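There are 2 protein chains.
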Amino acid sequence: MRYELFYWPTIQGRGEFVRLALEDAGADYLDVGNGSEADELGVPAIVSYLDGDATPRPPFAPPFLKAGELVISHVANILQYLGPRLALVPDDEACRYWAHGLQLTITDLVAEIHDCHHPIAASLYYQDQKDEALRRSQILRDERLPRFLGYFEQVLEQNPAGPDWLVGDAHSYVDLSLFQVISGLRYAFPKAMAAQQEALPKVDALAERVAARPRIQAYLESDRRLPFNEDGIFRHYPELDG
Amino acid sequence: MRYELFYWPTIQGRGEFVRLALEDAGADYLDVGNGSEADELGVPAIVSYLDGDATPRPPFAPPFLKAGELVISHVANILQYLGPRLALVPDDEACRYWAHGLQLTITDLVAEIHDCHHPIAASLYYQDQKDEALRRSQILRDERLPRFLGYFEQVLEQNPAGPDWLVGDAHSYVDLSLFQVISGLRYAFPKAMAAQQEALPKVDALAERVAARPRIQAYLESDRRLPFNEDGIFRHYPELDG
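First to last, the protein sequences are chains A and B.
Under numbering that gives the first Met the number 0, the first residue of the first sequence carries the number 0, and numbering increases by one thereafter.
Under numbering that gives the first Met the number 0, the first residue of the second sequence carries the number 0, and numbering increases by one thereafter.
Rather than coming from a laboratory, the hints here were simulated on the basis of the structure.
There's no promise every hint is true.
[Said to hold, decoys possible] Below, computed lysine-lysine pairings styled on DSSO-like, alpha-carbon distance capped at 30 Å: (1) B:Lys201 / B:Lys190; (2) A:Lys129 / B:Lys65; (3) A:Lys190 / A:Lys129; (4) B:Lys129 / B:Lys190; (5) A:Lys201 / A:Lys190; (6) A:Lys201 / B:Lys65; (7) A:Lys65 / B:Lys201.
Everything numeric in this text was worked out from a predicted model, so none of it was measured.
Modelling step: build the complete structure from the supplied sequences, incorporating the hints.
This is the structure in structure tokens:
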């Protein structure tokens, strides 16, 4: 099966959580958004789905994944679909609901990180909501990051199979996603993250463990890995880092 | 199976999306948060899960559902679990991924509605972020509600099985959730919703269809249905209604 990932070009964005799973598994996939319009790829191919021309079940927004006849939208939904197929989640039902719940907590965290530079509207420029962004970012640094990241530290501590991975005794798509969040946060908030590192030894070790996985390492060094930038979710605006 | 729903007492909140599914199906369930501490229910019973005392897999936040040995967190995850068991989603795989994706879009909309009265921090009072709330609510009314609700109108229009329900030709948990969103928005933003009603004939009819379902009607008239209030997600602050 050749998977087709539909996501906006030029940013990692929410599509990156899906890319990391596909890359870690060495899956065959087409990155439609970063393809050429001459090949009937790129943004127009995405838009034809959003408009409902290409499917009677239009996604609300990218990312979405085409897998044969299936069109699946939302990161957590896509990863839940891919998990068993790419051996990125344990087999038993309890683990799958647990993994999906963790992924949805990551989804909430990612939305809060995005909203700290766009607390009023995604449709307005950062400069037009900077005062609000300064306020919200302070809350993110002081309250929300310790709460969310402390939660994942607790999940690792309490994992009956050991503290190496979030779900069971092997890596799963949730670990790949947590790695992405930590990488993005270190880019966007280097000072705040340095201040928290000591409280998060297991999260920190997990991120290193993921980065050392051979296919992830190769991916991160390839030009398929787009750099973090100030158009994505994780933006480095020094004034928001306290 | 007696399901146990864990959610904060006194508000509908995110727990209500789960309650509507359980009520519509006539399922046997215990509303733990609204129970009495003398019966080992109420808030302490919730907190023992969040603290990780009652389970090695602590939820990040309510709502969560206990179903036998399973503990499932996040509304969309819970509904995905309950859907097949309560006959609230079609059998085939494509419909289930589609229903879950729609539910996750509702999740995003609900977060935006919450954030319009708390755009800076859930931990601050509304009064301490009112200027920001005024700005964000205008965006919600002018841009986000037309975009989200117009999307659901489009989904109904494009449903190959007809425009009565969002997924296939029968009601599903997603319809119950959309009904809840519409009800809450009409409470919180009566003027903005009246202005949009004409553009949303199919969403409007769906909400009426859900409200007329006998078990839903009985539930809405019971004292198990908590009233909307200014501690929940959908708050009626007239100044935010434009």
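**Asked** Hint numbers the structure violates, sorted upward?
**Response** When the structure is compared with the hints, only number 2 turns out to be violated.
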